[in-house]
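Student: Heads up, the sequence shown is in UniProt numbering, so the first residue is 1 and it goes up one at a time.
A hint or two may mislead.
Unchecked claim - Okay, the calculated beta carbon distance ranges per label pair:
1) 50 to 81: 24 to 32 Å
2) 64 to 128: 24 to 32 Å
3) 123 to 65: 16 to 24 Å
4) 103 to 39: 29 to 37 Å
5) 113 to 73: 19 to 27 Å
6) 122 to 71: 13 to 21 Å
7) 124 to 38: 39 to 47 Å
8) 84 to 63: 21 to 29 Å
9) 38 to 62: 16 to 24 Å
Read the hints as simulated data drawn from the structure, not as lab findings. Keep in mind the model is a prediction, meaning the values are calculated, not measured. We put the beta carbon where it would ideally sit given N, CA and C, even for glycine.
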Amino acid sequence: GSRRGSLPAPPAMPPQELLDYSPSLRRSSCPSRGSGSELGIKCVLIGDGAVGKTSLIVSYTTNGYPDQYQPTALDTFSVQVLVDGAPVRIQLWDTAGQEDFDCLRSLCYSDTDVFLVCFSVVNPTSFQNITEKWIPEIRTHNP
Numbered sequence: 001g002s003r004r005g006s007l008p009a010p011p012a013m014p015p016q017e018l019l020d021y022s023p024s025l026r027r028s029s030c031p032s033r034g035s036g037s038e039l040g041i042k043c044v045l046i047g048d049g050a051v052g053k054t055s056l057i058v059s060y061t062t063n064g065y066p067d068q069y070q071p072t073a074l075d076t077f078s079v080q081v082l083v084d085g086a087p088v089r090i091q092l093w094d095t096a097g098q099e100d101f102d103c104l105r106s107l108c109y110s111d112t113d114v115f116l117v118c119f120s121v122v123n124p125t126s127f128q129n130i131t132e133k134w135i136p137e138i139r140t141h142n143p
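Let the sequences and hints guide you as you build the complete structure.
Tutor: Here it is as C-alpha cells:
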C-alpha cells in the first residue's frame with residue numbers, strides 16, 4: 001500500500017520577494033552583484049529546450065506555475081532572500097536550450113556565480129546532453 005500520508009512536510013522556503021522581471025536581456029538593469037551591503041548572486045539556468053527551466057524559476061519566484069509552454073529566448077528574474085538575516089539578491093537567468101540560441105545564450109555566461117544545469121527525468125537525451133553539450137559549453141565560455 002501507499003504510505004503517502006506519512007511523508008514529512010518539505011522544509012519551508014526562505015522568505016522571498018519578486019523584485020524584478022525582465023522579458024528581454026537588459027544587462028544594465030540586473031547586475032550580478034548587488035549594491036551596498038546586499039550580496040548579489042548570478043545564477044544561469046541551462047539545459048535542453050522544454051526541460052522545465054522556466055517552470056523551475058516561476059515556481060520558485062512566484063509559487064505559481066506557467067499555464068502553457070512558450071520557448072524562452074532569454075529572460076531574467078530577480079528575487080531577494082534572507083540568508084542568516086542578511087539580504088541576498090539572486091539574479092536568475094532563464095536561457096534558451098535550442099541550438100538557434102547558442103550564440104545569444106553564451107553572452108550571459110560572464111560573471112556567473114552558479115550554473116544550474118537542468119534536464120528532464122522523462123527525456124534521457126536531455127540528461128545525456130549535460131556531459132555532451134552543457135558542461136563543455138560552460139567550460140568554453142566561462143572557464
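Student: All hints, please: hold or fail.
Tutor: Hints versus structure:
1. For residue 50 paired with residue 81, a C-beta distance near 28 Å keeps the hint of 24 to 32 Å intact.
2. Between residue 64 and residue 128 the beta carbons are some 31 Å apart, a value that agrees with the proposed interval 24 to 32 Å.
3. A hinted range of 16 to 24 Å holds for the C-beta pair residue 123 and residue 65, which are about 19 Å apart.
4. Against the hinted window of 29 to 37 Å, the Cβ-Cβ separation of residue 103 and residue 39 comes to about 31 Å, which satisfies the hint.
5. Taking 19 to 27 Å as the suggested C-beta distance range, the pair residue 113 and residue 73 conforms, at roughly 22 Å.
6. As the Cβ distance of residue 122 to residue 71 is approximately 18 Å, the hint placing it in 13 to 21 Å holds.
7. Remark: the range hint 39 to 47 Å for residue 124 to residue 38 is upheld by a beta-carbon distance near 41 Å.
8. With their beta carbons about 23 Å apart, residue 84 and residue 63 fall inside the hinted range of 21 to 29 Å.
9. Range check, residue 38 to residue 62: Cβ separation about 21 Å, and the 16 to 24 Å hint holds.
Hint check: no violations occur; every hint is consistent with the structure.
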